[in-house]
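Peer 1: Here's the letter readout for the chains.
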Amino acid sequence: MTDTTTTTPQRRNLWRDVDLRAVAPFIALALLLVLGSFAHDNFLTANNLLNVMTRSAYIAIIAIGATFVITAGGLDLSVGAMTAFIASLAIMFMNSDGIANPLTMVLAATALMLAIGMACGLTNGLVITLGKIEPFIATLGMMGIYRGLTTWLSQGGAITLRNPDVQAIYRPVYFGNLFGIPYPVLAIFVTAAIAAFILYRTSFGRHVIAVGSNEDVARYSGISVARVRTMTYLIQGLCVAGACLIYIPRLSSTTATTGTMWELNAITAVVVGGTALRGGVGRVWGTVAGAFILEIIGNIMLLTTYVSEYLLGAIQGAIVIVAMLVQRSLTRKS
Amino acid sequence: MTDTTTTTPQRRNLWRDVDLRAVAPFIALALLLVLGSFAHDNFLTANNLLNVMTRSAYIAIIAIGATFVITAGGLDLSVGAMTAFIASLAIMFMNSDGIANPLTMVLAATALMLAIGMACGLTNGLVITLGKIEPFIATLGMMGIYRGLTTWLSQGGAITLRNPDVQAIYRPVYFGNLFGIPYPVLAIFVTAAIAAFILYRTSFGRHVIAVGSNEDVARYSGISVARVRTMTYLIQGLCVAGACLIYIPRLSSTTATTGTMWELNAITAVVVGGTALRGGVGRVWGTVAGAFILEIIGNIMLLTTYVSEYLLGAIQGAIVIVAMLVQRSLTRKS
Amino acid sequence: MTMSVVSPSQDHKGFMAGHGLAKTFGGVEVLKDISLDIRSGEVHAIIGENGAGKSTLLKILAGHLAPTRGSLTIDGETVALSGPVDAEHRGIVLVHQEILLAPDLTVAQNIYLGREIKKGLSVDDKAMNAGAAKAVRNLGANIDPKTVVGRLSIAQRQLVQIARALLVPHRLVIFDEPTASLTPIETDALLKVISDISKSGAAVLYISHRLPEVKTLADRVTVLRDGKLVTTREAAGLEPLDMAQLMVGRDVSKLYPDHVAPEGEDYVLEVENMDVPGYARNASFKLRRGEILGFAGLVGAGRTELMEGIVGLRPAKGKIRLNRRPVSFANAGQSMKAGIVYLSEDRKGKGLLLQEALGVNLTLAGLKKFVRGIMLDRKAERAALDQAIAEFDIRTRNKDLLAGQLSGGNQQKLLIAKMMLLKPNIVIIDEPTRGIDIGTKEQIYMFIADLARQGKSVIVVSSEMPELIGVSDRIIVMREGVIADEVSGKHMNEREIVVLATGVKPSEAA
Amino acid sequence: QDKKTIGVSIPAADHGWTAGVVFHAERVAKKLMEEYPNLNVVVKTSPDPASQANAVQDLETQGIDALVILPTDPDPLVSAIKEIKAKGKFVALVDRAPSSNDDSVRDLYVAGNNPALGEVAGKYIAATTPNAEVVIVRGMPIPIDQQRQDGFDKGIAGSGVKILDRQFGNWNRDDAFKVMQDYLTKYPKIDVVWAQDDDMVVGILEAIEQAKRTDIQYVVGGAGSKDMIKKVMDGDKMVPVDVLYPPAMVGTAMELTAAQLFDQVPVHGTYILDATLVTKDNAANYHFPDSPF
Ligand SMILES: Nc1ncnc2c1ncn2[C@@H]1O[C@H](COP(=O)(O)OP(=O)(O)OP(=O)(O)O)[C@@H](O)[C@H]1O
Ligand SMILES: Nc1ncnc2c1ncn2[C@@H]1O[C@H](COP(=O)(O)OP(=O)(O)OP(=O)(O)O)[C@@H](O)[C@H]1O
Ligand SMILES: [Mg+2]
Ligand SMILES: [Mg+2]
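Protein chains in written order, with the numbering used here: chain A, 997 to 1330; chain D, 997 to 1330; chain L, 529 to 1038; chain E, 19 to 311.
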């Protein structure tokens, strides 16, 4: 009961701080939109922006899963390879002609993808928690395994969806839209909303944050740390499967190099979105903003005519660093 | 000092523990050597083993630098791209014909590489410490920058050392040997010895460990955390330059893809060697063992005839995981 | 060994008992053959020197550690506790000596962690915030339940931790030094909570180094020494000095050394208009050569932050003169070079590398002294450790232990030894005896007085009023980030200090 | 006349051959814009199929009249290309054909011949050293590589040529060096190495030289980098031939597309370039010292 007057200014300060931290990625996003409007006249058209959002869908959805893993203090480098693996298996399944009705086929393939995604995520989680191996190394190893299996499945070539009926029925999942909003964009927001609910409004989400914040505390509180960790990888697996769901109708084909570097993109999206790599803080909507940011950088680079294409990579790297600096300076001022 | 008689068993126990933890990677290495001897008759020949050790030199030397960065609680994903960048600049310099004497030219190029390496490392360090950006993201951005600059320097093609005199005088640095031991192998051991001395026997090394172990404690002990962190990136830059020194004479050329994935290999070597990614523990000699382990896995895969070439990646990934499991189980038993 | 068993009083039923408990860490037996019973409705205090094994015993009772030998019974039945959660289900809760809270979660989220209140699928944050606010208020504290724990002071965290433990249905509440980081006001509130718990019929086990507190609160007292149980007695009839004697095994008659307060204008440190944004405003004070200056205040008064601002550990504005010369420090390294050292109140988070050996910790701040050429002189480091162990009476059976394996009090001594290696002229000690036994306290007070006698100056920041009064020449009282006033001589008494610290006249205070 | 824009989408310069593609695309773009004052050519590079699909979309956003595309990987890009085609734009596909390569995908197809690249190399080896024991360093596990392998197998069919091993060198000099070093450890006798890519030959030659092995008679690469062509020209014993797979084909496609837009020359159909065998006699024709490749 020391004194109530002192609490108030302190609390207000705190609030301002929390807000800015969460808002920073959106400010970075807004700045990029302004920058983009200088790059090309067509940049700020609904068409272009919807294109960009649509194609950021896989990374965004994978990154939403990564938000859970990272919030719990983990890391998953295998998601890119896992995408290739799951998508390859699904296409092979749809090529198998076991089911005559194309719609049933697509639904069965969807179920299969989700099942494989969960199995892969579970494997990652168990290798890490039961094997007690650092997530970085464990998932790097799993990345080799998924990638290798994909190469083997494709026998070095491409795996292409052959059945035109299946293709026809599946295609709108990427190219279709609801009231003008492409399905993949809807998928991002639905996934993010569910994820935000789980992370912020359920006890499981609370436990995820606790495990990432201080493992010992979580353990003493009766939380099964290994279970929670494993579950985050399972969620990651599900999200990867979700990404595959949207990915397949777009290109209808996979190769051994599908999804290379996606793990780094996903992690970048998460971190640019304000989630700390050390764990304990997770920002689902920030992650979505992060994924948009990455894709918009690429879009601007492609629309502008001033930059040598040899330097694209350099400028993308520089913009990511600048985006982080903007975030940091915003946060510090508060 | 209540009871002296009990001291002895305690210490012995402790020693056993410390020893096994440090020895584990070497045991994994020995197991791999046994495994390899089944893969092919020529595996255990001096020739093959020296080949493998020689070509592990770049990763080993880069990984020794990474040991410092990781021990201080950091991470550097830019090392592969930095290798390509430094080597490209050095080759362009040697192609410039500014210095007539080839020996002087090589020496000048060496000095240049070390200087650029330090500059790159310093840049990484300052972006992280001054910019207060997570090392993962900061160095991912820098990776894009170095890689982009390399692509731009080479205009997408190869940068090849043209002067035959320079080539002739430089070539032995990779292909020559001292009493049968190839120079690159010597370089690994000399670098590791110096690194071990710095990390374990100097006050700077102690500070590196303290910063990685608990940043606040280090700060309250009057250690300049930012300075120590930056210095570890500088050391990493120097090690990358050292790796370039050996890399250039091998193929006398670089391309925009030189050094891709080396960052992941280096980090894997460090972790397989027993250094913890969370910082505070650094094992220089373990890192060297880790680099050998990675290279030997690749070597065994190529020598064996039982495995489909499509599955190599999968099996490499699996072996890395198994190697970590072996380590963990050894450590736990103690 | 004297082992006097007291006949159980009729109104207290036995709840739990330990029989022949022993615990071995890496070959060293730190607990030997301990048998004790705990009765419902009693407050049972455990006292002993630092490293006597108190925390270890309590951890065994709460299921955090398994005993190497011996057994536990609850309600007469032998049980094997599989872990803290199992113990909690049986109504046994432990409030740790160390802070165990998730720094990224809010107060309410921590209090309800692992037992969230749910509403359908989602968690009911409203209910939990309300519950947490109430739980904290019951402890006499005022902490916003939506504050992130990482922003709380040590004392506030301690209170949150207690609130969390008390939320579970409990039959035995175990407190490991709950008052160590609390100021008198919070202490009083907590002591009241403790006696309420026992009145409600649950048992309380309780460790404290504050013997007068034990005297007023405990029904029975168990004394540990060197891992052995010395005695269990009714508290009535045991005076603090008797307790001290039982603990230490010798007479402890005079806790505070004599020290003559220096006078005059020989100021070594002058602080003017110091602002530490968010924590302290406009602080000015002067420190004489050979003086011991106390800093009093409530939890959250900003003393720690002011000191950290002065030595360069936090951004701060203001004038500092050292020996009349203006100085300013950008980091702790600079202030150390100038001869000022600061010992953090947070020895685990900011004082010691818990995962490193004692020697590494000891020499970390003064490492320069151990460099020969470019190499570290490990022999000299080892010699320094031997010397520090002897000089500061660090109780460790093994010099190869990690700092985290020392008992709390011995960690504090190691921290003092570490900073003294720098041979400073001005020493700022924050909560110097937090968690330290009475025998060691005496040593630390002696040490502080010795420093002053040698012409060095000491600033003592402490929440323990008797200690401040006993050891200081002069006391500055802070309230809400501002220096309220300064007291010395006969004005240095608890009443006047509390009035200054709270800004409330004694008549108004409830 | 109206202003017209040609969008050119090609792989990023990530190894020698693609660098050549970028070089020639830029060279021809500049040339065409001089020739046709009303023409604007936009060249964009992408590292993988997914980002190339994005790039195609972005070119469309910018507004183009024709697309010249050399896909990083053809099958995954079919939908993206069809999208453009559906809007009535002229589409020229270069080099890499999807499994269904018909008019619904493109108007013009200009191609090197991947199977032929393998076949020509195989035939040469079968003819020169009919009973050779050959090791192969493959590229990356993607379809182009597979087509070349199949072509090679067809080329050696019926001869006594024996394939000892095929491993991936990832079109990368360093990896090729490693693979070759291990081949040399693994096989006491190797007659011929086929690498199907000149970049990798650089690493292979170094590994052979280091081992001082004399059993290897020669190495066959592919694509026609200036360094390898130079070696053929100079009569290097280890590199007697090279198989052409000219990155300049992208320029051909661009020129044809410009002609279609401005000169109303009908250029629909398929143009397949030969996988010419470069020998000492004809090497001079294929040596471009200024190209980065
Ligand atoms: N994990 C451990 N490994 C080795 N020794 C330990 C460990 N934990 C405690 N000890 C040792 O056990 C002894 C008793 O420690 P404990 O923490 O129970 O003391 P305490 O009575 O609570 O002291 P304090 O009053 O200082 O908190 C000490 O000598 C300590 O060094
Ligand atoms: N990291 C932080 N961020 C924001 N506010 C903080 C932080 N740490 C502490 N505070 C607040 O700063 C104020 C002063 O801190 P603190 O309680 O440490 O002061 P003190 O006078 O040293 O008290 P103590 O008796 O605990 O040492 C308190 O209101 C506390 O809640
Ligand atoms: Mg204790
Ligand atoms: Mg304080």
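Keep in mind the hints are simulated off the structure, nothing from the lab.
There could be a bad hint or two in this list.
Pairwise CB distance ranges (calculated) [what the hints assert, rightly or not]:
no., chain 1, residue 1, chain 2, residue 2, range
1, L, Lys907, D, Leu1118, 47 to 57 Å
2, A, Val1322, D, Ala1107, 36 to 46 Å
3, D, Ile1095, L, Gly901, 55 to 65 Å
4, D, Ser1304, L, Gly901, 37 to 47 Å
5, D, Met1257, E, Ile181, 21 to 31 Å
6, E, Arg231, A, Val1322, 55 to 65 Å
7, D, Ser1325, L, Ile645, 36 to 46 Å
In the DSSO-like style, the derived pairs of lysine-lysine whose C-alpha atoms are separated by at most 27 Å in a straight line are [what the hints assert, rightly or not]:
no., chain 1, residue 1, chain 2, residue 2
8, L, Lys951, L, Lys847
9, D, Lys1128, L, Lys951
10, E, Lys48, E, Lys21
11, L, Lys720, L, Lys674
12, L, Lys865, L, Lys951
13, L, Lys845, D, Lys1128
14, L, Lys720, L, Lys662
15, L, Lys587, A, Lys1128
16, A, Lys1128, L, Lys662
All C-beta atoms in this analysis are idealised placements derived from N, C-alpha and C, irrespective of residue type, glycine included.
Peer 1: Below or equal to 27 Å on CA atoms is what counts here, so check Lys48 of chain E against Lys21 of chain E.
Peer 2: holds, 16 Å
Peer 1: Is 47 to 57 Å right for how far apart the beta carbons of Lys907 of chain L and Leu1118 of chain D are?
Peer 2: violated, 35 Å
Peer 1: Do the beta carbons of Ile1095 of chain D and Gly901 of chain L sit within 55 to 65 Å of each other?
Peer 2: Since the Cβ atoms of Ile1095 of chain D and Gly901 of chain L sit about 37 Å apart, the hinted range of 55 to 65 Å is violated.
Peer 1: Against the 27 Å threshold, does the CA-CA distance of Lys1128 of chain A and Lys662 of chain L hold or violate the hint?
Peer 2: Violated: Lys1128 of chain A and Lys662 of chain L sit about 40 Å apart, past 27 Å.
Peer 1: Is it true that Val1322 of chain A and Ala1107 of chain D lie within 36 to 46 Å of each other by Cβ?
Peer 2: Hint holds: Cβ distance 38 Å, inside 36 to 46 Å.
Peer 1: With the threshold set at 27 Å, check whether the alpha-carbon distance from Lys720 of chain L to Lys662 of chain L stays at or below it.
Peer 2: Roughly 16 Å separates the two Cα atoms, so the pair holds.
Peer 1: Hint check: Lys865 of chain L vs Lys951 of chain L, CA-CA at most 27 Å. Holds or violated?
Peer 2: Judged against 27 Å, a Cα distance of about 10 Å means the pair holds.
Peer 1: Using the C-beta atoms of Met1257 of chain D and Ile181 of chain E, is the stated range 21 to 31 Å upheld?
Peer 2: For Ile181 of chain E against Met1257 of chain D, whose Cβ atoms are near 28 Å apart, the range 21 to 31 Å holds.
Peer 1: Go ahead and decide if the range 36 to 46 Å is satisfied by the Cβ distance of Ser1325 of chain D to Ile645 of chain L.
Peer 2: holds, 42 Å
Peer 1: Hey, Lys720 of chain L versus Lys674 of chain L, does the alpha-carbon distance stay inside 27 Å?
Peer 2: holds, 26 Å
Peer 1: Hinted pair, alpha-carbon criterion (27 Å max): Lys587 of chain L, Lys1128 of chain A. Please report holds or violated.
Peer 2: OK: Lys587 of chain L and Lys1128 of chain A at ~26 Å, within 27 Å.
Peer 1: Honestly, do Ser1304 of chain D and Gly901 of chain L meet the 37 to 47 Å range at C-beta?
Peer 2: violated, 57 Å
When the structure is compared with the earlier hints, violations turn up for hints 1, 3, 4, 9 and 16 and for no others.
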